[in-house]
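Q: Read off the chains here:
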Amino acid sequence: MAFSFSLESIFRVLGDAVRTQGDYRGQVTGISSLSAAEGGDLSFLGNPKYRSEVPASKASVLLLPADYEGVPVENQLFIHLESPSFALALICHEIERMIMPQPEPGVHPSAVIHPDAKISEEASIGPLCVVGAGAVVGAAFLESHVCIGNKAKIGDGSYLFSGVSVGAYCEIGPRNRLQSGCVIGSDGYGYEYMDGQHQRVPQIGNVVTAEAVDIGANTTVDRARFGSTYIGAGSKIDNLVQIAHNVQIGQNCLVVSQVGISGSSELGNGVVLGGQAGVVGHIKIGAGAMISAQSGVSKSVEPGAKLRGAPAMDMALAGRLIVLQRKLPNLFKRFDQLEKSIEAQLNKSTNDD
Amino acid sequence: MAFSFSLESIFRVLGDAVRTQGDYRGQVTGISSLSAAEGGDLSFLGNPKYRSEVPASKASVLLLPADYEGVPVENQLFIHLESPSFALALICHEIERMIMPQPEPGVHPSAVIHPDAKISEEASIGPLCVVGAGAVVGAAFLESHVCIGNKAKIGDGSYLFSGVSVGAYCEIGPRNRLQSGCVIGSDGYGYEYMDGQHQRVPQIGNVVTAEAVDIGANTTVDRARFGSTYIGAGSKIDNLVQIAHNVQIGQNCLVVSQVGISGSSELGNGVVLGGQAGVVGHIKIGAGAMISAQSGVSKSVEPGAKLRGAPAMDMALAGRLIVLQRKLPNLFKRFDQLEKSIEAQLNKSTNDD
Amino acid sequence: MAFSFSLESIFRVLGDAVRTQGDYRGQVTGISSLSAAEGGDLSFLGNPKYRSEVPASKASVLLLPADYEGVPVENQLFIHLESPSFALALICHEIERMIMPQPEPGVHPSAVIHPDAKISEEASIGPLCVVGAGAVVGAAFLESHVCIGNKAKIGDGSYLFSGVSVGAYCEIGPRNRLQSGCVIGSDGYGYEYMDGQHQRVPQIGNVVTAEAVDIGANTTVDRARFGSTYIGAGSKIDNLVQIAHNVQIGQNCLVVSQVGISGSSELGNGVVLGGQAGVVGHIKIGAGAMISAQSGVSKSVEPGAKLRGAPAMDMALAGRLIVLQRKLPNLFKRFDQLEKSIEAQLNKSTNDD
Numbered sequence: 001m002a003f004s005f006s007l008e009s010i011f012r013v014l015g016d017a018v019r020t021q022g023d024y025r026g027q028v029t030g031i032s033s034l035s036a037a038e039g040g041d042l043s044f045l046g047n048p049k050y051r052s053e054v055p056a057s058k059a060s061v062l063l064l065p066a067d068y069e070g071v072p073v074e075n076q077l078f079i080h081l082e083s084p085s086f087a088l089a090l091i092c093h094e095i096e097r098m099i100m101p102q103p104e105p106g107v108h109p110s111a112v113i114h115p116d117a118k119i120s121e122e123a124s125i126g127p128l129c130v131v132g133a134g135a136v137v138g139a140a141f142l143e144s145h146v147c148i149g150n151k152a153k154i155g156d157g158s159y160l161f162s163g164v165s166v167g168a169y170c171e172i173g174p175r176n177r178l179q180s181g182c183v184i185g186s187d188g189y190g191y192e193y194m195d196g197q198h199q200r201v202p203q204i205g206n207v208v209t210a211e212a213v214d215i216g217a218n219t220t221v222d223r224a225r226f227g228s229t230y231i232g233a234g235s236k237i238d239n240l241v242q243i244a245h246n247v248q249i250g251q252n253c254l255v256v257s258q259v260g261i262s263g264s265s266e267l268g269n270g271v272v273l274g275g276q277a278g279v280v281g282h283i284k285i286g287a288g289a290m291i292s293a294q295s296g297v298s299k300s301v302e303p304g305a306k307l308r309g310a311p312a313m314d315m316a317l318a319g320r321l322i323v324l325q326r327k328l329p330n331l332f333k334r335f336d337q338l339e340k341s342i343e344a345q346l347n348k349s350t351n352d353d
Numbered sequence: 001m002a003f004s005f006s007l008e009s010i011f012r013v014l015g016d017a018v019r020t021q022g023d024y025r026g027q028v029t030g031i032s033s034l035s036a037a038e039g040g041d042l043s044f045l046g047n048p049k050y051r052s053e054v055p056a057s058k059a060s061v062l063l064l065p066a067d068y069e070g071v072p073v074e075n076q077l078f079i080h081l082e083s084p085s086f087a088l089a090l091i092c093h094e095i096e097r098m099i100m101p102q103p104e105p106g107v108h109p110s111a112v113i114h115p116d117a118k119i120s121e122e123a124s125i126g127p128l129c130v131v132g133a134g135a136v137v138g139a140a141f142l143e144s145h146v147c148i149g150n151k152a153k154i155g156d157g158s159y160l161f162s163g164v165s166v167g168a169y170c171e172i173g174p175r176n177r178l179q180s181g182c183v184i185g186s187d188g189y190g191y192e193y194m195d196g197q198h199q200r201v202p203q204i205g206n207v208v209t210a211e212a213v214d215i216g217a218n219t220t221v222d223r224a225r226f227g228s229t230y231i232g233a234g235s236k237i238d239n240l241v242q243i244a245h246n247v248q249i250g251q252n253c254l255v256v257s258q259v260g261i262s263g264s265s266e267l268g269n270g271v272v273l274g275g276q277a278g279v280v281g282h283i284k285i286g287a288g289a290m291i292s293a294q295s296g297v298s299k300s301v302e303p304g305a306k307l308r309g310a311p312a313m314d315m316a317l318a319g320r321l322i323v324l325q326r327k328l329p330n331l332f333k334r335f336d337q338l339e340k341s342i343e344a345q346l347n348k349s350t351n352d353d
Numbered sequence: 001m002a003f004s005f006s007l008e009s010i011f012r013v014l015g016d017a018v019r020t021q022g023d024y025r026g027q028v029t030g031i032s033s034l035s036a037a038e039g040g041d042l043s044f045l046g047n048p049k050y051r052s053e054v055p056a057s058k059a060s061v062l063l064l065p066a067d068y069e070g071v072p073v074e075n076q077l078f079i080h081l082e083s084p085s086f087a088l089a090l091i092c093h094e095i096e097r098m099i100m101p102q103p104e105p106g107v108h109p110s111a112v113i114h115p116d117a118k119i120s121e122e123a124s125i126g127p128l129c130v131v132g133a134g135a136v137v138g139a140a141f142l143e144s145h146v147c148i149g150n151k152a153k154i155g156d157g158s159y160l161f162s163g164v165s166v167g168a169y170c171e172i173g174p175r176n177r178l179q180s181g182c183v184i185g186s187d188g189y190g191y192e193y194m195d196g197q198h199q200r201v202p203q204i205g206n207v208v209t210a211e212a213v214d215i216g217a218n219t220t221v222d223r224a225r226f227g228s229t230y231i232g233a234g235s236k237i238d239n240l241v242q243i244a245h246n247v248q249i250g251q252n253c254l255v256v257s258q259v260g261i262s263g264s265s266e267l268g269n270g271v272v273l274g275g276q277a278g279v280v281g282h283i284k285i286g287a288g289a290m291i292s293a294q295s296g297v298s299k300s301v302e303p304g305a306k307l308r309g310a311p312a313m314d315m316a317l318a319g320r321l322i323v324l325q326r327k328l329p330n331l332f333k334r335f336d337q338l339e340k341s342i343e344a345q346l347n348k349s350t351n352d353d
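Chains F, Z and U, in that order, give the protein sequences.
Residue numbering for the first sequence is 1 to 353, as defined by this note's numbering.
Residue numbering for the second sequence is 1 to 353, as defined by this note's numbering.
Residue numbering for the third sequence is 1 to 353, as defined by this note's numbering.
Read the hints as simulated data drawn from the structure, not as lab findings.
On a predicted model such as this, the values are computed, not experimentally measured, just so you know.
Just to be clear, a hint being listed does not mean it is correct.
If chains are identical, the list can't say which one is meant, so a pair holds when it fits in one copy or spans any two.
To be verified - Straight-line Cα separation of at most 25 Å, PhoX-like style, residue types lysine-lysine; simulated pairs: (1) Lys284 - Lys299; (2) Lys327 - Lys340; (3) Lys153 - Lys118; (4) Lys299 - Lys49; (5) Lys284 - Lys49.
Model the full assembly from the supplied sequences, consistent with the hints where possible.
A: Here you go:
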C-alpha cells in the first residue's frame, strides 16, 4: 500500500536532535521489514536478532539503535534512536492520521436522525446512518450505515466504523473503537421450556462499555437479561467474539478472535483469552489469568492462573499431557510386551514348582 | 439500565389478589438480584438457596414465595406468589413492551421499496431498508438497514433487527426474530476442482424458516445448492452460528453460539448443540440428542444420545477419559517402576536359579 | 424453491444431439435428488450407487449416464449423457443466471457516491451504497448497503452482496465474490502494553485480494499493520472466518467456515483448512497441506502434510491416538490387575523363600 510521507514530517515527529547518517531526499512511500523493503520504504531494526539484515536492506530510511555501527549505502538515510520501535510507532500514528483523517464534524444529509435524538455539534455522522429517538451522540465519529438505537448513548471520541449496530439503551463509553459490523445489544439467548416450546425470556437490560474499549469486526455483545452486560476500561475485544448476556469484563482484558463467553461469567482485570477459547456461564476468571487458544474453561479460575486445554487445566500439566499422549502407542506396546513376559515368567515359575 | 415502571402496572400484570406486606410508593426503576439490588429495584427469590439474602436486600419491591416468613423493612414491599420466577417473567415482558415498543406500521420515506414488492399495510419498514422486486413482506417489523432480496418472503409478526440480510427467494416464517447482522441466504460453499481451479457450484436453492424461529446476531445461514436449507418451528439459533447449505434443522432445537453445521446434515427435533460445537456434513443427529460445547460430531448420532468431545463420544466415557488423562503422568511413572521392579525380580530369580 | 425452466432451455444448454427416451412436455420447476423428486422436478444419477433409485423416482426429467438401461414411466423424460453431474452443473448455471440475473449497470439514486470516486460506466451500484473519496469501482456489482472506503478499489466483474464493507485503501481483485456482511479491512488486533494500558498499534496497511477470490458471509479480514494482508488468486474463504493482519494466503486455498488465522501467518498454494481450525501467528503452512476441522496448528507445516488435532499432528498418528484414548479405561484396569498379580506373585515368592 503506497502513500507519501515527507522526511520533514518524520523529523517533526522524532525531533530534530536525532543523529543521522547518509542522505536520502525522496518521500517515504511505504513501511516494510528490513528484508522486504524496497526503494522509498522506511524500515527499522526493532529486534537485535535481525541486525545482520541491515546492510542488505533496500530501505531508503532506516530507524536504528543509537549504537548501530554500520554505514548507509548511497541514497540511504540512517536515523539513530534510543528505541527504533517506539519511533516507528510515533511515525505510524502520524501516517495514520494523514491517510485516514478523522471526518469533519457535521451530519450527512442522507443520515436519518430522529428529532428527539441529541447530537453533539462536534459529532461526525456519516452517510446513511440512523440515530433513534432519545439517543445521545457525543463528539463521536459514525462512519456510514451505523445504527444507534433508541435512547442509546455514544461517548466522546468514539469511532464507529461502517455497519456498526448499537441497540436501544446501550451505552458506549468515551474513546471506544467499534469495528465494522459489530453488534452491541442483541438479545441475550434466554429461553424457558414451557408448554412444549422454548419461550423467550425478555432481555430488558443493556450493554455498557467503559472508556477506551475496542470491539472487533462482526463481534456480538448481547444485552443483559436485566442490568448490564459490561466491558471495563481499556479492554480490547477482537473480531467475531461472542459475549453473552450479563457477562462482566474487567479492565485491560484482551479477548482474542472467535472467543465465546457464556452468560453471566466474569473476567477480572487483565485477563487474556486466546483465540477460539470458550468460557461456560456463571463462572469467574480471576485477574491476570491467561487462557490459551482453543481452551474450554468449565469452572472458575484463580487470579494469575495460566490454563490450557479443554477442559482447561494448568498449562504445565496440559503441556505434559500432550507429550505423554504421543507416547501412548509406545506405552500400549510396552504394556503388551510386559504382560507377555510376565505370563511367560509365571508359566515358567509354575513349571519350575 | 434505568427505566420507570409503576406499581399499578405490576399489579395489573400479577392481578390484584396477590398478598402483599409492607409499603413502597415509588416507581420500580430497575431489576436486580437480591444482593445487587438498590433502592427502586425489583428483586425476587426464585431459588430457595438464596433465601438468606432476602433480609439484607435493598430492593424496594420483592417477589417472594407464598410461604416466605420474613418481614419487609421500612419503605419495602413484599409480594407473595406461587411462582416468583414466573411472575418476574410476566413483569419483564410488560417492561419490555414498554421500553421497546413495537414500531408503528408504515414505511419510512428513506426506505427503498421496489415497485413490484408487496408490503402488508400492517408492516413496519424502518429507515434505509431495501425491499427487492417481487418480495412479499407480511405484518412484520424491519428495523433499519434491513435488506430483503428479490422474491423473498417475510412472515407475519416477524421482527428483523438492524442490518439483517434476507437473500433472494428465501422465506422467513411467521413470528421469527432475526437479530442484527444475521445473513440468511448467502451462497453455499460449494466448489468443484476442474482445470486447475475451484469452480463455483451454482447455489440455486433458498433458505426456509418455519414459525417462531429465532436467529442470532451475525449468524449465517447458507442457501441450498438446490431445494431448501430448512429451520424447523420453534428452533432457536444463537449468535455467530454457521449453518451450511441444505442443512435441515428440526423443531425446537437449540443451537448455541459459534456452532458450525456442515452441509446437508440433519438435526431431529429437540436437538441441543452446545457452544462452539462442530458437525460434519451429511450426517443425522437424532431427536433429543445433546452435544456438549466444543464437541466435534463426526458421524450420525442416535436419538437421545448425550455426546461430548472431539470426536464426540458418549458423555460418560468422555468424562472418564478426562479423568484418566490427568492420571497419565502417574501411569507412566507407575509403569516405569513396575518394569524396573519386574526386571529386578527377574534378575533375582535368574541369580537364584 | 420453485422456478420455471423450459425443456427448450435445457436442450439449448446440453445441445440437441443428446439421446432422449420418453416424453415430458411441462416446465422444469425444481431440482431434487432421485428419491425426493416430485412431478416437475429435474433429477440426475450422478453416483452409480443410487442407480436402483431411478425406477421409483417421480422426477419428470432425469439426467442419466449414456449406458443406463431402464425405461421411463409415462410423462417422464430420460436424457442420456456422458456426465450427468457435469450436465447438471451447466443447467444450474443457466438457472442461476435466470433466477438471479445480474443487475443492470447504473447507480441507484439513493446511493451516496463521493464526487471524487471513480465509477465505471458498467458498474451497478445498488440502493443505499456508499462509495468514499478517491475510491475506484470497476465493472462490478454492489448490491445494497455496501460501503466502499476512501481510495479503495473494486475490480471488474466482482459481486458484492448486501452489507459488505471494504475499508479505506483496500483492493478487491477482479471476479471476486463477497458475501453479505463480510468486513474487509478492519483494524488489525495490535496493542503494546505501555503505561499500564494496551496502546493501539497503528494499522496503516490494507487488504489486497487477487482474482477470483470468494469471501464468505460475515467473514473478517484485517488490514495489515503495514504492507498488505493478501489473499491469492482462486482462494475461497467460507463464512465467519477470521483472517488477521498481514496474513498471506496463496492461490487456490480453501478456508472453511469459522477458521481463525492469526497475524502474519502464511498459507502456500492449495492449502485446505477444515472448519473451526485455528492457526497461530507467524508460521508457514506449506503448499498443499490439509488441516482437519477443529485442529490447532501451532507451528509451521511441511508442504503436503495432512494434520489433525490440537495441537495438530500427523493425521495417522492423531487417528491412532483417538483409538488408544478410548482404550485408556481398559489399560488402567489391566494395569491395576497386573500390579496386583505381580504383587501376589512376589509375595508368594517371598513366602516360598
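Q: Hints first: check each against the structure and report whether it holds.
A: Do the hints match the structure? See the list:
no., hint, verdict
1, Lys284 - Lys299, "within (8 Å within a copy, 31 Å between copies)"
2, Lys327 - Lys340, "both (20 Å within a copy, 19 Å between copies)"
3, Lys153 - Lys118, "within (9 Å within a copy, 36 Å between copies)"
4, Lys299 - Lys49, "between (41 Å within a copy, 20 Å between copies)"
5, Lys284 - Lys49, "between (40 Å within a copy, 20 Å between copies)"
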